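With chain A's structure known, arrange chain B with the ligand on it following the hints.
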Amino acid sequence: MDDPLARYEPLLDDYAAFRAACDRPLPQVVRVNTLKTSVERADAALEAAPVEHDSVGWHDGLFEIDGKPGNTWPYVHGWLYGQEEVSAIPAAVCDPAPGERVFDPCAAPGSKTTHLAALMDDEGLLVANDSNLGRLSALRSNAERCGLTNVAVTKSDARNFSLKPFPGEFDRAVVDVPCSCEGTVRKNPDALDEWTLDHVEGVASVQKGILDRAIEVTRPGGTVVYSTCTFVPEENEAVLDHALAEYDVALVEYDLPLETRPGVTEWNGEEFDPSVRAAKRVYPHLNDTGGFFCAKLTVGA
Amino acid sequence: MSLRDNDGHQFGRLPATDDEREVAGRPSRASVVDYWAERYGIPRATWEAYSFWERGSGKIWAFRGELDSPARIQGLGIPILRTDGEHWKPRTNAVQRFGRLATDCVIDLSAGEAEAFLAGHDQDLPRWDGDWGYLIVAHELAGEREPVGVGLYLHGELRSQMPKGRQRDL
Ligand SMILES: C[S@@+](CC[C@H](N)C(=O)[O-])C[C@H]1O[C@@H](n2cnc3c(N)ncnc32)[C@H](O)[C@@H]1O
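So the sequences go chain by chain: A and B. All letters in the first sequence, in the order written, are residues 149 to 449 by the numbering used here. All letters in the second sequence, in the order written, are residues 3 to 172 by the numbering used here.
Isolated chain A, as found in the complex (with noise of 0.2 Å):
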């Protein structure tokens, strides 16, 4: 398709700002790893490397940068990750307690698993498992820089994830499946060269299969994010939609303080699930960020 993005015109009231905002790119962002220090002590570091660094207001720990993070002291310690602002949103959500056990399928190379452990003060079980050998080194090394203790990786296709070495069931899961990645087109300008329908309905049958996999191994009660960096319908609450009709699971509304967009409940001629308007989409213009879809579902509610 030779323009993807115009996809969504009948969804946006301010389409154009959309546009020019997927046009722009995006600030470099780093997220304080609390598990190796304090927010204070990050910010100390970075004013005496000197790297020129703003708060991110909406999450604690969250800083843009001017230039990349990589070649300063607070990256060698650890103390730093650098990811998109919106990549902090699904552990925010997820919310785990320390002593919890949770499950990370698609985890390389490691932003959320990272976030999820420092929630958990490294505390309890968290299973990183990623498909890709490549991206699980990636995963390992940046885990491992984090000083996370209490992960176990693990290299499956999530949508077959056996529980054999974790006997029990996970309290949380965070969904972050692959997707057609249309939200990170203001990094990677290429991102929509490859697009076409056939392709996403192919990563939309994986989604669905790794999204069944998590509910299935998350206890009654528990709590499954399912987020991509994508604005495609079919990938985000045709997914749902589909989990909705198939499992005892339910869309539970939760704050965010960012602007966002309600989950969109017709597509192309087709309905969705009502309860999917719990979902929140973050387009580019709203928050000066990449683009994202976050959900959050509780299982056997």
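Rather than coming from a laboratory, the hints here were simulated on the basis of the structure. Do not rely on the hints blindly, as some may be mistaken.
[As the list claims (entries may be wrong)] Pairwise CB distance ranges, derived in the manner of DEER restraints: (1) 311/A x 36/B: 22 to 28 Å; (2) 315/A x 25/B: 21 to 27 Å; (3) 132/B x 172/A: 53 to 59 Å; (4) 246/A x 70/B: 20 to 26 Å; (5) 187/A x 167/B: 25 to 31 Å; (6) 103/B x 403/A: 24 to 30 Å.
[As the list claims (entries may be wrong)] Computed cross-link-like contacts, DSBU-like style, restricted to lysine-lysine with a CA-CA straight-line distance of at most 30 Å: (7) 61/B x 312/A; (8) 61/B x 303/A; (9) 335/A x 166/B; (10) 91/B x 61/B; (11) 91/B x 166/B; (12) 166/B x 356/A.
Small disclaimer: the values here were computed from a predicted structure and weren't measured. The beta-carbon is built from N, C-alpha and C at its ideal position, and this holds for glycine as well.
Okay, now just chain B with the ligand, sitting in the frame of chain A:
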């Protein structure tokens, strides 16, 4: 009792003590805890919630928690120690994570020395009058002592052991 060979691809649990050893050459949990306590002063209680594992000969990992069957696992916590050399050697990421608890065998570098260490350079540091061998190398960052990695101290010289992938020219 004959000892099994080490399977380099699988995580194997460390025996509690040397007497309970079933795999040739595998160190015991007690000896690992003792090593960190006796050489670096890291309290034994630090490891209470941890299980210790070996994957590949002499590569020791610490995992906060327990696991029944570690088959098909790619990583379990972080690598903390190598025990296959003549002397046991702490790993960089373990020193960064637990080194703040150390009271012995920690060498404090000035800003310039720390940058040279991080870049992978060896340097003459005759002022050190403590033990030779593997030291925890620290500097001051944001007002506190912060461990960077591992150095090998011999004959007045501190040899940087920063892994290639972690070396930086600041
Ligand atoms: C959006 S990325 C994950 C990003 C990661 N959560 C982070 O925050 O750094 C999606 C990941 O899913 C992995 N993946 C793709 N298909 C998979 C499958 N069937 N099972 C498990 N992982 C899969 C990819 O290798 C990729 O690393």
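Structure versus earlier hints, numbers of those that do not hold, lowest first: Violated: hints 1, 6, 12.
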